[in-house]
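J.: Single-letter residue listing:
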Amino acid sequence: MSYITKPVARHPGQRKNSLGLTARDYEGGMSTLCAGCGHDSITAALVQAFFELEVQPHRVAKLSGIGCSSKTPAYFLSASHGLNSVHGRMPSIATGANAACSDLTYVGVSGDGDSLSIGLGQFAHALRRNLNMLYIIENNGVYGLTKGQFSASADVGSKSKRGIPNQFEPIDPVLTAIALGGSFVARSFSGDKHQLVPLIKAGMAHKGFALLDVISPCVTFNDHDGSTKSYKYTRDNFAEVNKADFVPHAQEITVKYDQGSLQPVTLHDGSRVFLRKVTEEYDPTDRSSASAYIQRHQQKGEVVTGLLYMNSDAPDMHATNNTVSQALRDHEYSDLCPGPDALKALQQGYR
Amino acid sequence: MSSPVMQRVNDFVIKLANVNGTGSASANGLLSKTIFRMGVPISAKNFFPSNIQGLPTWYEVRISKDGYQSRSGRVDVMVAMNAETYADDVAEVSPGGFLLYDASWPLDKQLLRDDVTFLGIPLAKSCAEEFDSARVRILMKNVMYVGALVALLDLDISVVEKLLEEQFATKPKLVPLNMRAVKMGYDYAVEHFDYPLPVRVAPMKATENHIMMDGNTAAGLGCVYAGATVGAWYPITPSTSLMDAFDGFCQRFRKDPETGEKRYCVIQAEDELSAIGMVIGASWNGARAFTPTSGPGISLMSEFIGFAYFTEVPAVLFDVQRVGPSTGMPTRTQQGDVMMCAYASHGDTKHVCLYPADPSECFYLAVEAFDLAEQLQTPVFVLSDLDIGMNEWRCPELQWDDGYQPNRGKLLDAAALEKIEKFYRYLDTDGDGICARSVPGVHPKGAFFTRGSGHNKYGGYTEDPDEYQEVLDRLARKFQTAAALVPEPVIRQQSGITDAVICYGSSDCAVQEALDRLQDSGIQLNYMRIRAFPFGDEVKAFLKSHQRIFVVEQNRDAQMVSLLTLETDVDREKLISLLHYGGFPIYADFIVNQVSEYLGERSSV
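Protein chains in written order, with our numbering: chain A, 1 to 351; chain B, 1 to 605.
No lab work stands behind these hints: they were computed from the structure. All values derive from a computational prediction rather than experimental measurement. Keep in mind that the hints are not guaranteed to be accurate.
BS3-like mimics (lysine-lysine), calculated; alpha carbons at most 27 Å apart, straight line [what the hints assert, rightly or not]:
#1 B/LYS544 x B/LYS574
#2 A/LYS6 x B/LYS540
#3 B/LYS262 x A/LYS6
#4 B/LYS171 x A/LYS16
#5 B/LYS457 x B/LYS422
#6 B/LYS262 x A/LYS344
#7 B/LYS350 x A/LYS344
#8 B/LYS262 x A/LYS207
#9 B/LYS162 x A/LYS344
#10 B/LYS350 x B/LYS540
#11 A/LYS243 x A/LYS193
#12 A/LYS300 x A/LYS159
#13 B/LYS162 x B/LYS173
#14 B/LYS478 x B/LYS350
#15 B/LYS125 x B/LYS183
#16 A/LYS193 x A/LYS6
#17 B/LYS445 x B/LYS410
#18 B/LYS422 x A/LYS16
#19 A/LYS6 x B/LYS205
#20 A/LYS344 x B/LYS205
#21 B/LYS544 x B/LYS478
#22 A/LYS161 x A/LYS243
#23 B/LYS173 x B/LYS205
#24 A/LYS159 x A/LYS232
#25 B/LYS173 x B/LYS183
#26 A/LYS344 x B/LYS65
#27 B/LYS478 x B/LYS410
#28 B/LYS410 x B/LYS422
#29 B/LYS478 x B/LYS540
#30 A/LYS344 x A/LYS300
#31 B/LYS255 x A/LYS344
#32 A/LYS207 x B/LYS255
Short, incomplete list of chain A residues facing chain B, as computed with Cβ under 8 Å [stated by the list, open to error]:
#33 HIS81
#34 GLN122
#35 HIS268
#36 THR323
#37 LEU328
#38 PRO340
#39 GLN347
We put the CB at the ideal spot given by N, CA and C, even for glycine.
Just need the whole structure built from these sequences, with the hints factored in.
T.: Dropping the structure here:
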């Protein structure tokens, strides 16, 4: 998608990670989104998360569909492979890519139109397969590129810029994901980098489908009074259930927590997410109570954020298929072709 | 009975009318395989409904010492096991033919014909007396008529027993049970009828080094041999058995016997849109990937097909064509997707299409499709159809060259990328329209951004008209390169003959037979079978060197004629369409009659 080439500026004092890369090395082209767009904050959070996770950029595949959100893979990790596919179909590209090669990091960026309307089917099925990827929905309740139509995540009564209220029930990606058996379901707000960065890191470490729904206000079409996806509304109605801190496997745990509210969750690779509970009653490992809690607060107009549900035991697509650990694309041809003798023997059964 | 009965040894058709879901398929398979094992060439076709149980289904076996595989249009022996279609089945028997029916119930005398011999056997009654469970009775009724046919057609009963032993190798108890039913039929026929019939089988040696295989099985096997590791699909008749075959062969060849770990991944997608997305994702990421589907699936995949064309991602699609439009008749055959596949998607798109004529070619062209897709970095369609895909054809044993290595085209590995100063995905440095390609994660220098939107030759985003057009023109150049890489046509011609016939795909067997028959009556036609689109020089030269060209197709709108007219400078007036599109496979008589009629009219003018 469209972007402006960003000048490379090197500052000798920039912090480097263990690969010798600076945060700049994880940036992409200059964004062409509107000034103040929530999506750009998410892009910045991704840059920080990748830098801190010390991922080799070329081992990352960035995937997207169509829409403002789907443009953003051009704005981070320009040293990675990217694929900007067709509208609503990023999950199938991700599924095939992952089938071919299980040992890259997959990050998909989508929007509420891309994932909840045209692509609802693919979103649901990638989730069912527990595809190993981080799937971010940059959720603003509105179609930006086609100038302001409601999306499927718009709340009942939320008003368009022209003052017309939406009358249809919203599709909540978080509740949908929990209902469909999603193994990692989180929500955050583009304006809260402190919550967003650890959730991105935890989502990438999770071996399975990590859904991160990020409320990301559209400054041009959905940031007015009467909108329930505006900066003001989201800030006023933000109900955080836990604060996440992500500790990679190799790193010594030095962060100190108030034990009374600490809930560590260990991921497949041994890294851990520490959830500092803001609300004592919330249990992110209990599927039905998580849904009930989110719905209860939704009725009060509150947007519940944090790591809302997690099941680190769910097998991912390759585990279910029992695929060999070596990436399928990397097998020697001689490992794949049965050869002439096998063909001859096989054909005895066709006589 | 009053008709003179002609001896028809190794040249007749037996048709079996059954109710689907009654287990007749395995009994009928036993019958055809017995004849095949006796060294006699056969072809077998299923005519079945889009239904699971209870509707009429027919199985037609043509026994042809000359090896003709198309439908013959006649029925010499009818096994009428379906009361519902009985009247039609009686009417379909050729004069002098035979009809075997279940005499457990009295026959409607009004349906009798003087010119057909009726052979009644109390199948249901005998099986009810002999076997206990209801399910076994139904199954053995079928096996019993096979036994009767062993006597009537002079088949080798030891071959039947051998086949049963092979079939039930893991359940040997079933062999004597089935043989009991075979003997019941055999004994009844021997006791009550003059046997063998004048229509009968005599052993030959014409099926050595041959197999009976359907095209979907062969194509699935081809995918295994091509080294495909990812298959994504949505079930649709008549393509479903292709993925079943791939999966089955992979279980046999690519599954670790101890751990059960698989060196392949088959994904049943939520729809065809997703299936093709998975193929594109997997190919973009360096695996060989494919999807089998039928016409409606191609319609749904079309947006993504254009994406893969423009972003130059390889993909292999098998379109096992069925009758359209819309749902059409899902269990009937047609060549109705020729135009759709050639130009699938929006904008300026053109695609490589391969047209296998039989199952063995499904195997070889499947392998070639993967090579072409990677060489040309584009979607490649293999257009089979229901007749090839789901019917068993007699094929020469498939051969495999142990020296084969997949042709991955201009795919750069880590070492090659390391040497390059800077990698540009869409830069044509060789002038053939094909650019070097990298896959994710192999080397930092290979990273680029794949976008369906406007991109320039360096892979950067563009909305500049000249930059965009430059890429589009280069894609047209690549398509010219494709014309020289795709399989050449099969041509048989003699100088001095200016009339010709062109065919492709499953029509070929009927055309071959028709050409022999036409030659017998003094009509000589040169012959070309098109195997691929885009059309190469040989196709164009053949068009140029003939004055009247019959083009045989199984669709209403003469789609290949349209394609030839659009893509070559052939004079449209030269092309005479012979079109067969009712849903059953084309047969030689149709072609012979149409050609004779046309030439007759012309010569009498």
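J.: Need the status of pair B/LYS262, A/LYS344: alpha-carbon distance at most 27 Å?
T.: 23 Å, holds
J.: Against chain B, with CB atoms and a cut of 8 Å, does the hint on A/LEU328 hold up?
T.: 4 Å, holds
J.: Taken at face value, is the distance from the CA of B/LYS540 to the CA of B/LYS350 at most 27 Å?
T.: Holds - the C-alpha atoms of B/LYS540 and B/LYS350 are around 18 Å apart, at most 27 Å.
J.: Should the hint that A/HIS268 touches chain B count as held when the rule is a Cβ pair under 8 Å?
T.: 18 Å, violated
J.: Given the hint that A/LYS243 pairs with A/LYS193, test it: the Cα-Cα distance must not exceed 27 Å.
T.: This hinted pair holds, its Cα atoms lying about 12 Å apart.
J.: Between B/LYS173 and B/LYS205, does the CA-CA distance stay at or below 27 Å?
T.: 32 Å, violated
J.: Closer than 8 Å between Cβ atoms is the bar; does A/HIS81 clear it against chain B? Give me holds or violated.
T.: Hint on A/HIS81: holds, closest Cβ of chain B at ~4 Å, below 8 Å.
J.: Can you confirm whether the C-alpha distance between A/LYS161 and A/LYS243 stays at or below 27 Å?
T.: Since the Cα atoms of A/LYS161 and A/LYS243 sit roughly 33 Å apart, the hinted pair is violated (cutoff 27 Å).
J.: Take a quick look at whether B/LYS457 and B/LYS422 sit within 27 Å of each other, Cα to Cα.
T.: Holds: B/LYS457 and B/LYS422 sit about 13 Å apart, inside 27 Å.
J.: Against the 27 Å threshold, does the CA-CA distance of B/LYS173 and B/LYS183 hold or violate the hint?
T.: 16 Å, holds
J.: Mind checking the CB of A/PRO340 against every CB in chain B and telling me if the closest is under 8 Å?
T.: 4 Å, holds
J.: Straight-line Cα separation of B/LYS262 and A/LYS207 no greater than 27 Å?
T.: Roughly 19 Å separates the two Cα atoms, so the pair holds.
Of the numbered hints stated above, those contradicted by the structure are hints 2, 3, 4, 7, 19, 22, 23, 30 and 35, listed in ascending order.
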